[in-house]
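J.: Just need the whole structure built from these sequences, with the hints factored in.
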Amino acid sequence: MDFQLWILFCVVFLSAAILPGPNVAFSMAQALDHGFKESFPAAIGFGLASGGHAVIVLSGLGILVRDNPGILFWLKWVGVVYLLYLAFKTLRSHTQVAVATSRKRTPLQMFTGAMIVSFTNPKGILTNIILFPTFIDNALPYIPQCIALVSTAIFISTTVYALYMLMAGHAAKILRTKRQMSVVTGVLYIGVAAAIATTI
Numbered sequence: 001m002d003f004q005l006w007i008l009f010c011v012v013f014l015s016a017a018i019l020p021g022p023n024v025a026f027s028m029a030q031a032l033d034h035g036f037k038e039s040f041p042a043a044i045g046f047g048l049a050s051g052g053h054a055v056i057v058l059s060g061l062g063i064l065v066r067d068n069p070g071i072l073f074w075l076k077w078v079g080v081v082y083l084l085y086l087a088f089k090t091l092r093s094h095t096q097v098a099v100a101t102s103r104k105r106t107p108l109q110m111f112t113g114a115m116i117v118s119f120t121n122p123k124g125i126l127t128n129i130i131l132f133p134t135f136i137d138n139a140l141p142y143i144p145q146c147i148a149l150v151s152t153a154i155f156i157s158t159t160v161y162a163l164y165m166l167m168a169g170h171a172a173k174i175l176r177t178k179r180q181m182s183v184v185t186g187v188l189y190i191g192v193a194a195a196i197a198t199t200i
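In this note's numbering, the protein residues as written are 1 to 200.
It should be emphasised that the hints constitute simulated quantities derived from the structure, not laboratory data.
Don't take every hint at face value.
As the list claims (entries may be wrong) - Just the calculated beta-carbon pair ranges, DEER-fashion:
#	residue 1	residue 2	range
1	His170	Gly70	38 to 48 Å
2	Gln4	Tyr85	44 to 54 Å
3	Ala194	Asp2	35 to 45 Å
Values in this document were obtained by computation on a predicted structure and should not be read as measured data.
Where a beta carbon is used, it is the ideal one built from N, C-alpha and C, also for glycine.
T.: Printed below as a string of structure tokens:
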């Protein structure tokens with residue numbers, strides 16, 4: 001892959017990744033609720049989801065998604081329902097006796113949660129459909145360029161969301177009670193659901 005084109009892709013993809021949106025809010029909610037170390041699998045989930053988006057787009061399946069609005073519609077509402085479910089669980093958890101136990105999520109749940117949020121965000125999907133093909137040089141072999149773009153997307157996404165989670169993990173120390181953290185986290189989930197629901 002052309003080095004200058006790759007650098008440009010890094011700049012553009014990083015700029016898109018750091019913008020506040022559903023992925024950022026979900027990452028911060030996980031870190032607020034569970035701490036940075038415990039929620040890190042979510043960052044990996046977002047990273048691999050970005051790689052998955054790239055594979056879908058670069059393999060040509062992105063055209064199928066783009067030309068069938070019904071797919072995006074159902075993906076969107078699956079994501080909204082999932083996030084509202086998480087918000088409900090989080091907001092009511094502080095009233096339960098064994099708060100720490102009831103709210104404990106496994107690394108696999110963190111990972112799959114991030115994947116669900118990423119793959120049910122229509123705006124993110126459409127952005128990637130537009131973005132990735134732009135950085136393919138038709139004069140160069142296709143597969144090596146795809147590998148470079150996919151691996152770069154995974155690395156940048158994982159790093160960006162891990163940093164957001166690190167900041168949120170530090171912020172959680174300021175929120176002194178489980179109730180405060182539950183409320184903030186629940187509101188973040190609702191905000192993410194609203195953001196996804198109002199796109200496309």
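J.: None of the hints should be skipped; say for each whether it holds.
T.: The hints, checked one at a time:
no. : hint                          : in the structure
1   : His170 with Gly70: 38 to 48 Å : holds, 42 Å
2   : Gln4 with Tyr85: 44 to 54 Å   : holds, 45 Å
3   : Ala194 with Asp2: 35 to 45 Å  : holds, 40 Å
Consistency note: the structure conflicts with none of the earlier hints.
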